[in-house]
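**Student:** Using our numbering, the first residue of the sequence shown is number 1, and each one after it goes up by one.
Derived from the structure by calculation, the hints contain no laboratory data.
Don't take every hint at face value.
Label pairs and their calculated CB-CB ranges [said to hold, decoys possible]:
| # | residue 1 | residue 2 | range |
| --- | --- | --- | --- |
| 1 | 54 | 27 | 17 to 23 Å |
| 2 | 169 | 87 | 22 to 28 Å |
| 3 | 69 | 127 | 41 to 47 Å |
| 4 | 156 | 125 | 21 to 27 Å |
Glycine is no exception: its CB is placed at the ideal position from the N, C-alpha and C atoms.
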Amino acid sequence: MAVGASGTRVHKRVSEDSFSHPCNAVVSFPVGPLTLVRTGDALTGVYFENHAPAPLPARLGEPSTEGFDRIVSELTEYFAGARTSFTVPLLLVGTEFQVCVWNALRAIPYGETRTYTELAAAAGRPGSVRAAAAANARNPLSIVVPCHRVIGMNGSLTGFAGGVDVKKRLLDLERTRSPEGIALQHKS
Numbered sequence: 001m002a003v004g005a006s007g008t009r010v011h012k013r014v015s016e017d018s019f020s021h022p023c024n025a026v027v028s029f030p031v032g033p034l035t036l037v038r039t040g041d042a043l044t045g046v047y048f049e050n051h052a053p054a055p056l057p058a059r060l061g062e063p064s065t066e067g068f069d070r071i072v073s074e075l076t077e078y079f080a081g082a083r084t085s086f087t088v089p090l091l092l093v094g095t096e097f098q099v100c101v102w103n104a105l106r107a108i109p110y111g112e113t114r115t116y117t118e119l120a121a122a123a124g125r126p127g128s129v130r131a132a133a134a135a136n137a138r139n140p141l142s143i144v145v146p147c148h149r150v151i152g153m154n155g156s157l158t159g160f161a162g163g164v165d166v167k168k169r170l171l172d173l174e175r176t177r178s179p180e181g182i183a184l185q186h187k188s
């Protein structure tokens, strides 16, 4: 295990030991109910009601009402347009390349989008566009690790774990709101 930028713990290989004693809470937000998953003090999952692909039941752990106040507060601020990034501790568990892609997603500024080609390049493998797209689709931390900010080469909204309509709502939220009330620009 390594510690990445802003205290993110990174596991480069998936193992059940990485998810010892996970717990979850289902919380309602403007995009519908989200299942929040944590292990210890680290957030390990943010899943939509009809998340595709669905998380493995073992990754969700037991229901709990404790330990989720900070992420609930940060997500509430995000949906109110008052938060542009998240500070909760994260535990990213995946292959080395998946973790690189997920960290590249975290570097996409609020209100901006990138193509899958740009994502692959930012992850250090410019020729691996399909692999970057697959890693993007396997992101376990929707919204917090902003996979919704990745679009097709022609600007089209492509697949999203919460559905393309939710992706559009998130992008519209970011396009029109910021803490200063300034409309934000998308990188073309």
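**Student:** Look at each hint and say if it fits the structure.
**Tutor:** Hint check results:
1. 54 <-> 27: 17 to 23 Å: holds, 18 Å
2. 169 <-> 87: 22 to 28 Å: Since residue 169 and residue 87 have Cβ atoms about 23 Å apart, the given range 22 to 28 Å holds.
3. 69 <-> 127: 41 to 47 Å: Roughly 43 Å apart at Cβ, these two residues keep to the hinted range, so it holds.
4. 156 <-> 125: 21 to 27 Å: holds, 23 Å
Hint compliance for this structure: every hint is met.
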